[in-house]
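Residue numbers (the numbering used here), protein chains in the order written: chain L, 2 to 243; chain H, 105 to 378; chain S, 287 to 518.
Everything labelled a hint here was simulated from the structure, so no lab data went into it. Quick reminder that beta carbons are idealized off the backbone N, C-alpha and C, glycines included. One thing to keep in mind: the hints can contain errors.
Heads up, simulated PhoX-like pairs for lysine-lysine below, C-alpha to C-alpha not over 20 Å straight-line [claimed, not checked]:
1) Lys225(H) with Lys207(L)
2) Lys5(L) with Lys295(H)
3) Lys225(H) with Lys179(L)
Footprint (simulated), chain H over chain L, 3 or more residues, beta carbon under 8 Å [claimed, not checked]:
4) 49–60
5) 92–99
6) 210–219
What follows is the residue order along each chain.
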Amino acid sequence: MGEKISLFKEDGRRTDGRAPDELRPIKIKVGVLSNAQGSAYIEQGKNKILAAVYGPKEALPKHISLPDRCILRCRYHMAPFSTPERKSPAPSRREIELSMVIRNALEPLVMTSLFPRTVIDIFIEVLQADGGTRCAGLTAAVLALADAGIPLRGLTAACAVGKAEGKVIVDLNDIEDKYGEADMPIAYNPTLDGITLIQMDGIMSKEEIEQALSLAITATQKIHKMQVDALKERFSLSRREV
Amino acid sequence: MSVTEQRPIISKLEKQELYRLLAEGKRVDGRSLFQHRNLSVQLGYIEKAEGSALVELGNTKILAAVKVGVALPFADTPNEGILIVNAELVPLASPVFEPGPPSEESISLARYVDRSIRESKTVDLSSLCIVPGRSVYSLYIDLYILDYDGNLIDASVIASVNALGTTMLPKYSVEGQNIKKLDESFKLELKDYPVSLTYAFLGDKYVVDPCLNEEYASDFTVSITVKSDDRFCAIQKNGGGMLSPKSFLDLLEKSITLGKELRRVAYSQLVKND
Amino acid sequence: MSHGNEQQRQRPIVVPGEPLGDSKFYIPGMNTLKISDRFFATTVGIVRVDGKRLDVISLKSFYQPRIGDLVIGIVKEPNVAGWTVDINSPFLAFLPLSEYPEKRIRLSRDNISRILETGTVITGVIKDASIFSSPVITLKGKGLGVVSSGTLLNITASKVPRLIGKKGSMLSVIERATGVRLTVGQNGRIIVHSEDSDIIAKIRNVIEMVERESHIYGLTERVEALLVGRKS
């Protein structure tokens, strides 16, 4: 069977020393790539993720375009060296599903009817993965869209909540994701009070989900504040050019 | 890359009718908001497969078949059997299904059904070990969508669990390093009977078990899988749009009640046969 | 960090989702989203108050063609009845045969690609700009046509008004200080009518400063200081 991994220390803290409702350290920088119209980089714990946006641009071939709105093309991809075992560069079924789930979370955010017959390409590259990559990737993608000057219905922040050894926890790292009892990534838009991404796998009771949802909203509001600060910092004079 | 879909166009009149009826608590096919379509299950439809079931939910028809084999276990689970779910959106099922490599819809469907079965521990994979570290049973569940009239997820979960419930595993004898297939077989034991409930959101209303037009007209859907003990093992929002936290919590509550009734109907033949 | 803080006073930046006000007191303008009584910014930008109207001027945006805009385009490829032109916008523009100033050349489908080759720089005016079809440009007009010499520079489209200045004040400062004429397209492209590398370098610096500091007060003075103070 293998030794049982304990996800909590004796003092109730998690394997990385955090309290159950504590986020990992997050660093965000907006406007990091010179070619993309918009870009952002996020570090959350050991996650290192880059997001870039190209567009809006003419949608070609014409048959993919829609006459009354802009279409979104989204690619979530993990670099081969992002995980302990080398990951094949070819898109896995998981990456295909996550590309879809992330695009669905961005669709209601972008004011697509302002750019008919165009396309916006969104790329999320996970350079190093440590649990919660779809959430961190989405958080960065939203900033890349804002950086590109694309009109948005507010911002959206994402965070995974879940359960480990019976306790509800926030921002699962890789070990907690693998050995915990449930993982529930959530993306939330505080301006419109709406959830745009929600998935769950594991086992949770209704009460546990309620508790986790409440923690998720608090966590995403904290991350949202970091997004706002990062955007303002990007365009202020005091930032040194690197 | 995931690209915004080109949905078939629903005429304005059809959409208006849908919303008009919804405002009165009714649906186009006469159902109430939280009523399922007719469900029929035929067990053992494909005799050459080790397990199978044909499910019809309204006009949606899905065939699930289980093929059993023997394989090397995965390195990190040397004593566990292998479960793999695959879904095929067969082109004859709908004008929008095209032949070719698996689309994101088919992959997403297969992965959700997989999570519903795996996380609920419907099959105890550790009971499928033949020789630890060397030989384990592999269960391939193939979902074959034959007719698409909305709500592939719920019908697929029901089809898969029923197919697993009819699965006969060949017995193997272990002789040193070798295994020998015997003539006997034994029934795969199910540990749980999960059902999924899919809701389509149209404006501020939501309905369970959407038919095709409701699905196309909807802003998004939410699928929730609930186990026999009323706990949840899989949840997924599909499509764009925004879900309010309050509606989400209401859905959880509804799913427990609707789940009990759906489970009774969907798995009645399995329980009888046990 | 000695920047002379009074001069560096910044207008506050708003981000998407930031509440701007109540629609009972203000009228929501550009780049805003109204939800029941309140409205919010939809892009990163600076708030501009114009009487009762609140606009958000995006700090970064792409060019949206408007009828009458002077644009500098790059010919992309010949088409059945004209040319597709890149105007630095999400929408590719179309220059119909009928809008090419004829000059005794018989235009036919065969010689379209020879008249305007791919990569040719042109100055035109937007004649038609509905979002449901490609914007149309015309080369018929004074000062419009092919640009065969000079240097092409770029600036974010939303900064063009700042580069031109109130009644062309900033542009006059630049042209006076460098002795060189500039053609500024509303689509963020600039032709400097000179190939002198020192002058080009000075103008590049000015453009960078406008890009960076467009939302900080006293920009025109700083640009003047930059141009006058700098020797080659």
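Hint check:
Distance hint between lysine 225(H) and lysine 207(L) is fulfilled; the C-alpha atoms sit about 19 Å from each other, no more than 20 Å. Our distance criterion of 20 Å between C-alpha atoms is broken by lysine 5(L) and lysine 295(H), whose separation comes to about 23 Å. In summary, the hint linking lysine 225(H) to lysine 179(L) is supported, as the alpha carbons are separated by about 16 Å, within the 20 Å threshold. For the region 49–60 of chain L, the stated coverage by chain H is not satisfied: 0 residues place a CB nearer than 8 Å to a CB of that chain, which falls below the threshold of 3.
Under the rule that three or more residues need a Cβ within less than 8 Å of chain H, the assignment of the region 92–99 of chain L holds, with 4 such residues. With 4 residues having a Cβ less than 8 Å from any Cβ of chain H, the region 210–219 of chain L passes the three-residue criterion, so the hint holds.
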